[in-house]
Structure formats: structure tokens, C-alpha cells
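When the letters of the sequence shown are read in order and numbered with the numbering used here, they come out as residues 1 to 235.
Certain hints may be false.
Mimicking DSSO-like on lysine-lysine, the simulated pairs with C-alpha atoms at most 30 Å apart in a straight line are [to be verified]:
no.: 1; residue 1: K215; residue 2: K148
no.: 2; residue 1: K60; residue 2: K41
no.: 3; residue 1: K3; residue 2: K42
no.: 4; residue 1: K40; residue 2: K67
no.: 5; residue 1: K67; residue 2: K2
no.: 6; residue 1: K2; residue 2: K41
no.: 7; residue 1: K60; residue 2: K2
no.: 8; residue 1: K3; residue 2: K41
no.: 9; residue 1: K174; residue 2: K200
no.: 10; residue 1: K190; residue 2: K200
no.: 11; residue 1: K67; residue 2: K3
None of these hints come from the bench; they were simulated from the model.
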Amino acid sequence: MKKTSRGLIIQRFSYSETSLIVHCFTETEGLKSFLFQGAKKKKGVVLLPLSPIEFSYYQKDEGQLAKMTDATLYQSFATIPFDPVKSTVVFFQVEILANVLHEGVVDKHLFEFLVGELAWLDEHNNLANYPIYWLLEISQQLGFYPLKTEENTTYFDLENGEFLSYIPSNFTYKSGREVDVLGSLLSLPKDVILNFSLPKDLRKQVLQLLLVYFKYHIPNFNPTNSLEVIESIWE
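Model the full assembly from the supplied sequences, consistent with the hints where possible.
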């Protein structure tokens, strides 16, 4: 039976001279893989990273790869495809999402969040702290947003996701300037986080801390290029 859905392109790979394998985070079925036969020959088909598409597909049974038959953009961007900084941010987001999304896990709230953030990214340029904000929001969407219940905390328990005033017994903790900054950013409005003044080196340390934190909460989390990619927009 033929179905239609909205989705965000996560990855695509060549399958043949004319066809692609497409990994897509769909609104209705979560992350799903498709064979898109003849995709390379179809005029007007846009399958760039995080392209918001509306598409048709069919699948005879669960054991077979679904087949995408057409795809069109349902949301176009004025700046992202042409702005190297914004394109770099999207590359970063795609690598993170490829590590945190799992086949068949439906999450409409996360889907709508990602669509909304892409629209925001297309319209704004204050991006230095944006990867930090975005990772914090992803952790909230996935249910492991860091917890801080005390004002004066020195340690961040990575395993339990808590800011503490004492060394945790599991010894899976971090301390330092980056921990102080991350604790200060928690629960702040988006515009405040984006305008938070941070030296480049400290911004890198905070982002690195968040990536380490994700490793404790996402199985097999290993975005190999994320930090290096994002560093390039701070030059």
C-alpha cells in the first residue's frame, strides 16, 4: 500500500548508477531506510542533509526495504544551502542525529523541534553558541537534560546527569570552567544562551563536555567529526 509522509534527510548513499539508499527521519515512523530507484535522474529532487521533504513510498512487508517513489521539498530555505557557516551547522546536526536516532522509534515532538530549528537557522546569524544550545535541547527531547538543583556546584556527574557540590561516588564526573559555564546555561532562554559571552577556547570545552555527556547516555555515540567541524565556524 502506498503511503505519504514528511521527513528529514539524514544520510544518502549511492545504490546504483541511478538509485540511492536514503536514511530519513520520518514524522510517522521515526528513522527509516528507503530505496529510491531512479532518484539521480529525477529532476527537481532535492536530497541534501536535513532537507524537509514530503514523499511517497510503499513497502510490501516489514522484511523488505521500503521504496520511495517521489520526494518534494515542503519547506524551502533562503540561506542555509548558500551560507558556509549554516551549512557547517547542518553537517554537525546530521552527524549528531545519525548517532542518536534509531530505526522505528517515532518521536513527533523531536521531529517538530528539528523542523522549527531549521526554519530558525535559515533566518538568523547569531550562531557561535548555537551548537551548545542545540545539543542541550536534543538532550531534553531525548530525556537526559542535565539536572541542577543547587546554586553552587563544582562537579558534573556525567553518568547521572547531575550537577553536584561534592564528588560523586561513581567518579564519572568532570569539573572546571566548562562545568561552571554549562551549569550557568541550564534552563536559560534561547536568546540568552546565544548571546552568552564565551571565549572560543572555553566554548570548545563546553561543547566537548556535552559530547562526552552524550556518550554516557546514547549507546555507541561516536560523532567523529562534530567538534572539528564546528570549530571551523569559530575561526
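Report the numbers of all earlier hints that the structure fails to satisfy, in ascending order. none
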